[in-house]
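Residue numbers (UniProt numbering), protein chains in the order written: chain W, 1 to 311; chain Z, 1 to 395.
Calculated directly from the structure, the hints in this document are not laboratory data. Every value quoted in this text rests on a predicted model; they were computed, and no experiment measured them. Cβ coordinates follow ideal geometry from the N, Cα and C atoms, glycine included. A portion of the hints provided could be inaccurate.
[Unchecked claim] Incomplete in silico selection of chain Z near chain W, CB under 10 Å:
no., residue
1, Q27
2, Q56
3, I71
4, G77
5, A102
[What the hints assert, rightly or not] In the SDA-like style, the derived pairs of lysine to any residue whose C-alpha atoms are separated by at most 20 Å in a straight line are:
no., chain 1, residue 1, chain 2, residue 2
6, W, K91, Z, A45
7, W, K286, W, Y155
8, Z, K197, W, D200
[Unchecked claim] Quick list of simulated restraints, FRET-style, between CB atoms:
no., chain 1, residue 1, chain 2, residue 2, range
9, W, K206, Z, G215, 34 to 42 Å
10, Z, P194, W, K233, 54 to 62 Å
11, Z, E247, W, E253, 57 to 65 Å
12, Z, E52, W, G43, 36 to 44 Å
13, Z, Q87, W, Q148, 22 to 30 Å
14, Z, G277, W, E127, 39 to 47 Å
15, Z, L214, W, K206, 26 to 34 Å
16, W, E127, Z, G215, 28 to 36 Å
17, W, G213, Z, Y4, 27 to 35 Å
18, Z, E46, W, S263, 54 to 62 Å
19, Z, L199, W, P163, 40 to 48 Å
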Amino acid sequence: MEIPENVRKRLSIPAEEHFFAGHTACQGCGASLGIRYVLKAYGRKTIFVIPACCSTIIAGPWPYTALDANLFHTAFETTGAVISGIEAALKARGIKVKGDDGVMVVGWAGDGGTADIGLQALSGFLERGHDAVYIMYDNEAYMNTGIQRSSSTPYGAWTTNTPGGKRHFLEKRHKKKVIDIVIAHEVPYAATASVAFPEDFIRKLKKARKVEGPAFIQLFAPCPTGWRSPTDKSIELARLAVQTAYFPLFEYENGKYKINMPSPKKEPKPIEEYLKLQGRFKYMTKEDIEYLQSWVLREWEKLKKLAEVFG
Amino acid sequence: MAEYKPIRKVVSGNYAAAYAAKHARVQVVAAYPITPQTSIIEKIAEFIANGEADIQYVPVESEHSAMAACIGASAAGARAFTATSAQGLALMHEMLHWASGARLPVVMVDVNRAMAPPWSVWDDQTDSLAQRDTGWMQFYAENNQEVYDGVLMAFKIAETVNLPAMVVESAFILSHTYDVVEMIPQELVDEFLPPRKPLYDLADFSQPFSVGALGGPNDYYEFRYKIAKAMEDAVKVIKDVGKEFGERFGRDYSEMIEKGYVDDADFVFMGMGSLMGTVKEAVDLLRKEGYKVGYAKVRWFRPFPKEELREIAESVKGIAVLDRNYSFGQEGILFNESKGVLYNTDARPIIKNYIVGLGGRDFTVGDVRAIAENMKKVIEAGKLDREVEWYHLKR
Ligand SMILES: Cc1ncc(C[n+]2csc(CCOP(=O)(O)OP(=O)(O)O)c2C)c(N)n1
Ligand code: SF4
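Let's have the full structure, built from the sequences with the hints guiding it.
Right, dumping it as structure tokens:
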């Protein structure tokens, strides 16, 4: 359908597609939507770096690629280092990076490749201040190897190596606050985003393009396969994660925090609404849910305070 | 072509490496400190700080990342360089495969250092030889001059066959020992080593492409074959580049095995790296004393100089292989490789393995003489007393 010119002007999501049909993600995959939005925001003058993760597969086997951009597949723990090297090479060759028309160097890694095995390389990349964008797509487990826990897996979630059983579930740790670790590096720009809020995500991607130095975005990307959720519920889940303040949207820019919630005045919805749509939380008792709820609200208060004091 | 007037400088092996990297006009250097490699990168950093070299320097947080960053840089079209030793090289292992698999001509200097525990900072070749199967070419330098020349040649060879290359020098014996090195004026290096023409370039957006995607059983096999073929082709490239180097700068490297007195020798000493300096001196002395000995210095361990080794084997009764390294559960690594090469030939000289100098244990002219005595007896007896001898063992 042709979009009328006056409507097109109002849309903040570019119409061009740089992510091709025929990619090999599961139905309802949040990560694949994420790639699509990144390419919409940055266009084809983009160098993608993807480590071992679901996206390796999503992009397609040799000789195919679903990305209308250049793509370098790399080892699991190296995203931060490889984008550093690429940026250094472009600079050495006098090729413009970032800005309105420069080459975009994008690291695109899962939560495992970011929060666990790749944390060291991420830290090095952030601390050295390279002009590239690192996007962690957060599906809260190692999906590519068959749904094992990562440090970004939330309290109570079933995974194949932290199963729920007759007596109880094994995942007793809260989700690691990767973004706080990133911010501790005093980066110029860090933000959370969600595939349920593409305008917000694309706005953040464009901001990341403008800043001088490293930018980091943690993108909430539901995985129906790993979350044991219906494939048509991914966007709803991603929206509920924000609405329950389980995964609040915010930005950190040069020392300032800004919360970007869709309805800022509204109180967070109960976490149970989010949990009940997913098979991975079915082992949780009422007490477990209350406990998780109190944690979510405590973290939410913390973030609000930060935005109040450093807004 | 401008006339070659060498610039003589007294430098350590490490500084020779740093000067070579600078003269090669490397564009990206990513590295992590480890003794005894550190002064290579310190010197390069000094060049940058003084405005003598235009290099993007990435002080990474580990060797794994150093290699990963070099891989990124090389994939994005730049000439990339790093250096390391022992534990650092071991940490890079995964990414060494990545560099060759992605066909990136990264060049690295490895300063041979013994693996821990026990901690040791001294010379031992096991670190680099343990990387044998990563698809990297390996050049072993005997002295500081060869470190310098080796780095320049390595870039040219690597960028011709699209495989990475490692130039190996020994801890302290070369890395920290000063010697005269004849350096080549920049214009002449530029003629010898023009700017890199990458196989692919991540900064070329004319047609989107991906590198390193999943390769199923239907394709992976052929990718491997292409690396195998490139390694085979490298033999000729190495000889040609070595010859060209000789014609331009007077130091010929067209032989992958440097030979001395081989034609009329009863037996030869074979080995790699700085210990061959000692061997060469000892062989000169032994010759004066009437010993019919020679030497065969293996310069390139990968690709392995099979033909040259077979030729040597045809003319001698024995080969004493000196290994400053060891593969547990088997034997010295050069010995193991050499026996493999000779199995399918008619020439079957006696070949004996001497494990020497591990972890920096001194290896002297006297040691070579003692080994010569033993080797002479073995040849006279016409059979081995033992196949592998731990020469220095305190009994
Ligand atoms: C060094 C190393 N260890 C383990 C693996 C196996 N591996 C491949 S992908 C993966 C999990 C990826 O998880 P994540 O980063 O969260 O991305 P996802 O698959 O969930 O998209 C693991 C463990 C590997 N490729 N390399
Ligand atoms: S397993 Fe999950 S993250 Fe991976 S492709 Fe399928 S839906 Fe996407």
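For each hint, the structure was consulted:
Look at Q27/Z: its Cβ gets to within about 4 Å of chain W, closer than 10 Å, so that hint holds up. The beta carbon of Q56/Z is positioned within 10 Å of a beta carbon in chain W (closest approach about 4 Å), and the interface hint is therefore held. Taking 10 Å as the C-beta contact cut-off toward chain W, the hint placing I71/Z at the interface holds, the least distance being around 6 Å. A least Cβ separation of about 6 Å between G77/Z and chain W falls short of the 10 Å threshold, and the interface hint therefore holds.
At a threshold of 10 Å, the smallest CB-CB gap from A102/Z to chain W is about 8 Å, leaving the interface hint in force. Proximity of K91/W to A45/Z is assessed by CA-CA distance (about 17 Å); at most 20 Å being required, the pair is judged to hold. Proximity of K286/W to Y155/W is assessed by CA-CA distance (about 14 Å); at most 20 Å being required, the pair is judged to hold. Restraint check for K197/Z and D200/W: the C-alpha separation of about 41 Å exceeds 20 Å, so the hint is violated.
Hint check: K206/W to G215/Z, Cβ distance near 35 Å, so the stated range 34 to 42 Å holds. The hinted range of 54 to 62 Å is satisfied by P194/Z and K233/W, whose Cβ atoms lie roughly 58 Å apart. Taken as a hint, the range 57 to 65 Å holds for the pair E247/Z and E253/W, whose Cβ atoms sit roughly 60 Å apart. A hinted range of 36 to 44 Å for the beta carbons of E52/Z and G43/W is consistent with their spacing of about 39 Å.
At roughly 29 Å, the beta carbons of Q87/Z and Q148/W sit within the given window of 22 to 30 Å. Checked against the hint of 39 to 47 Å, the pair G277/Z and E127/W passes, with Cβ atoms roughly 43 Å apart. The given range of 26 to 34 Å is respected by L214/Z and K206/W, whose C-beta atoms sit roughly 31 Å from each other. Restraint check, E127/W to G215/Z: a C-beta distance of roughly 34 Å satisfies the suggested window 28 to 36 Å.
One distance hint, 27 to 35 Å for the beta-carbon pair G213/W and Y4/Z, is violated here, with the actual separation near 45 Å. The hinted range of 54 to 62 Å is satisfied by E46/Z and S263/W, whose Cβ atoms lie roughly 58 Å apart. The hint said 40 to 48 Å for the Cβ distance between L199/Z and P163/W, and at roughly 46 Å that hint holds.
Checked against the numbered hints given earlier, this structure breaks hints 8 and 17; the rest are met.
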